[in-house]
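**Student:** Kindly generate the complete structure, drawing on both the sequences and the hints.
In order, the protein sequence lines correspond to chains A and B.
Be aware that the first sequence starts at -7, since it is given in my numbering, and climbs by one per residue.
Be aware that the second sequence starts at -7, since it is given in my numbering, and climbs by one per residue.
Treat the hints with care, as some may be off.
In this list, chains with the same sequence are indistinguishable; a pair is considered to hold if it fits within one copy or across any two.
Mimicking DSSO-like on lysine-lysine, the simulated pairs with C-alpha atoms at most 27 Å apart in a straight line are [claimed, not checked]:
{"id": "1", "residue 1": "Lys340", "residue 2": "Lys125"}
{"id": "2", "residue 1": "Lys247", "residue 2": "Lys96"}
{"id": "3", "residue 1": "Lys323", "residue 2": "Lys39"}
{"id": "4", "residue 1": "Lys328", "residue 2": "Lys340"}
No lab work stands behind these hints: they were computed from the structure.
Keep in mind it's a predicted model, so treat the numbers as computed, not measured.
Protein chains: 2
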Amino acid sequence: MAKVLTSRSENYSQWYNDLVIKADLAENSAVRGCMVIKPYGYAIWEKMQAVLDGKFKETGHQNAYFPLLIPKSFLSKEADHVEGFAKECAVVTHYRLMNDPNGKGVIVDPDARLEEELIIRPTSETIIWNTYKNWIQSYRDLPILINQWANVMRWEMRTRLFLRTAEFLWQEGHTAHATKEEALVETEQMINIYSDFAEGWMAVPVLKGTKTETERFAGALDTYCIEALMQDGKALQAGTSHFLGQNFAKAFDVKFTNKEGKEDYVWATSWGVSTRLMGALVMAHSDDQGLVLPPKLAPIQVVIVPIYRKEEELAKLAEVIDPIVAKLKAKGISVKFDDSDNRKPGWKFAEYELKGVPVRLAMGARDLENGTVELARRDTLSKETVAVEGVEDLIENLLEEIQNSIFQKALDFRTEKTTKVDSYDEFKDLLETKTGFFLAHWDGTAETEERIKNETKATIRCIPFDNEEEEGVCMVTGKPSKQRVVFAKAY
Amino acid sequence: MAKVLTSRSENYSQWYNDLVIKADLAENSAVRGCMVIKPYGYAIWEKMQAVLDGKFKETGHQNAYFPLLIPKSFLSKEADHVEGFAKECAVVTHYRLMNDPNGKGVIVDPDARLEEELIIRPTSETIIWNTYKNWIQSYRDLPILINQWANVMRWEMRTRLFLRTAEFLWQEGHTAHATKEEALVETEQMINIYSDFAEGWMAVPVLKGTKTETERFAGALDTYCIEALMQDGKALQAGTSHFLGQNFAKAFDVKFTNKEGKEDYVWATSWGVSTRLMGALVMAHSDDQGLVLPPKLAPIQVVIVPIYRKEEELAKLAEVIDPIVAKLKAKGISVKFDDSDNRKPGWKFAEYELKGVPVRLAMGARDLENGTVELARRDTLSKETVAVEGVEDLIENLLEEIQNSIFQKALDFRTEKTTKVDSYDEFKDLLETKTGFFLAHWDGTAETEERIKNETKATIRCIPFDNEEEEGVCMVTGKPSKQRVVFAKAY
Ligand SMILES: [Zn+2]
Ligand SMILES: [Zn+2]
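**Tutor:** What follows is the structure in structure tokens.
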């Protein structure tokens, strides 16, 4: 088989780009920084959406939809938010085109200038809290537990498919609560949902923790996040949940009357994951042959390739394969019987390896005689010949085993790539030769964090929730510290 | 109960606006012409999406996602398309804001002007065909059967919630085929799916037919549509499917090598329905008490209201109600047991009537003694007392009966409101006193169509597929005609 991908060891970044494109996940569009998500990539995203949406609804959230465009003035209402989001964004200034009087094509109609410019939402806190103002009068109107699936836009200068694009798809939850405690419980609940999803479905182990003040969402009092480790040893922030305090309620004057009859500002959270998860999924598990997908998110879980020369041979194979397909489907397993005659089996094998289909069955004339089928595992690239009888049960168990095995492999990798460091010299040396998570003491100041970032490009990914208390001293300043925090270079 | 809606007879248009807002379906936002779809409205839209998405996938379509923004020059590439869509649209001219040097807030950074302006998609034929160009070389790459769920924007001057908004949600299918015949089959298949959905799920009878040349989609060779009749006798176009011929392939230079090894342009279709369907659903069935939802699209199909004074009475009622809830859920029926104690039963009755919940059960102390429950139908507002024993089977059948009954009522209404007209004088007179569909002979010219529109505001809604051949003469010009076409005033 021809090698279609640059290998990871040769050029990890090129390998990723090759893979996203060759596996038909996404491609760049004619609009700078905006991607086309192709059907195979979108099918994985749909599976992610379905699981997450189910989890949101189980925990009492409802979906709604708010406008794409935000009046420019809204962005300025929350002081920190404007610093974080009102910079690189797409600005709508006009609402009409006209035929070019000097030639072909259309030009912007200069008479159709908007009185106030509109911004394509980079995130929706402002328009949503402006709306909530009218929905909330009393504690009886609370909590409001709303999620939105939407496109958003941040004008990024350097873009990479899925990881950083100008337009991306995401969900953004925006909740309103009567008390601080309730909002904090919600913030934590949602980061737990993200972490369950990342580990249980994506098979990506994540660290769960708090962001430092410097790394917080613009306008939040606290940002919780999940951080995953990619195969090149760089960290990827996979989801965030923000405790917004009363900042947005104050900015948009959203008050309510509490049970005691007193007025107070409403407490808020927001939380989101995006198509960036697709990038994490690809980079966490895949290899030089292509995608490795966890069975729970694979659009096709089992592919069956018949090996034959003549039509009548295919007909005989189909007599055995059709019942296997039916039995797998009855178990809720998605299966594709690829009996197309315009491609050779070898081509199909390579194609489904590239696409990360977890299990492949192949059956030829000899298998037919013996009542066997060849079964190949994508994650280990191992093959064995098994009996057709009962193969559906075998596959059902195997899919579960693969799901667990992929997770365990990623977890082992992370364990291996996690290093305790006690001196800044050692830290700097290590960062030149090794990658991964580094656990080190830090004095808790933004100054030291900034210095480390400038000197090493490593940032504090999070302060883990379940952190052990450990007396120590900041590796840079020698000031006392009670716990290690997680450093890494990040996407 | 207080009357919360303007009645239909008093002011139909106001009734509609009242209802959409009071039933918590949607509201206007701070951005002119853009709506907020509230959770209850969005829940109905999600049900619509799920059914349609299933039908698209059953017929071999896959979802994908294309960019929100379209380079301005793309719109000019197809001559008719630019006339239809490149006028009232949102134009992105800049990609950055900056702090206002003269004061508070942010202003558009004049240095961040885009070289070429970008348009927020009013529809995606252009960006999609520009993409398909790279996907199609040979007949082996065809057909491409893709759908996208997305937001789009058309800068409408006069907007109404769901019916005409600047931003709306929709799905747009875009398919590419090797032959004209295949593209025509696809165009027809999709209008049939829309019609099945409208009649089978929305319980809205529709006329299925072809648009006249004047009313066609900009860039199409033929537009098929479904047309529904609202309670005020006005028509509403509920979905369209376009045969685009080779127009977009030619505009974007998309050629393929056919089986005979010859080059040809690719054949195209596109088709879509939008959140406008929500408007159709509301206007087709609802009454002066509120929404009437067909059970198949109702987020809550059955509500149960306990009538009690003391906590221990509620506990006893719950002992009987909980098993009913469980049995209904086991049948896949969505049920809400509203045991909230901050609202009186009368308030709840009115609220669920307003929200269009198809079946309401109410149970009090006497019911408990008698083993009965009061069952109310939203569509007929009728009530009866029935035995608790077996009520779940009764309800299962009733939901089906309600679904059929709502459809039949709308169909009877349409039959009553459909009038054959043979003279233009009669037509003009009727249009002043009566509304609905008018079947009349027309000479097939755009001139006559235009004259009728100018003089009466009625337009040709469609030329029905299953039209009877009937020799006649155009009611305006007296020229020969072989069939009647459908006229109406329309939304
Ligand atoms: Zn973190
Ligand atoms: Zn029509």
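**Student:** It remains to establish, for every hint, whether it holds in the given structure.
**Tutor:** Status of each hint after checking the structure:
1. When the C-alpha separation of Lys340 and Lys125 is checked against a cutoff of 27 Å, the pair qualifies only between copies, where the shortest distance is 25 Å, while the shortest distance within a copy is 57 Å.
2. In this assembly of identical chains, Lys247 and Lys96 lie within 27 Å of each other by CA distance solely across copies; the values are 25 Å between and 54 Å within a copy.
3. For the homomeric pair Lys323 and Lys39, the shortest alpha-carbon distances inside one copy (17 Å) and between copies (25 Å) are both at most 27 Å.
4. Within a single copy, Lys328 and Lys340 get their C-alpha atoms as close as 12 Å, which meets the 27 Å cut-off; across copies the closest is 50 Å, which misses it.
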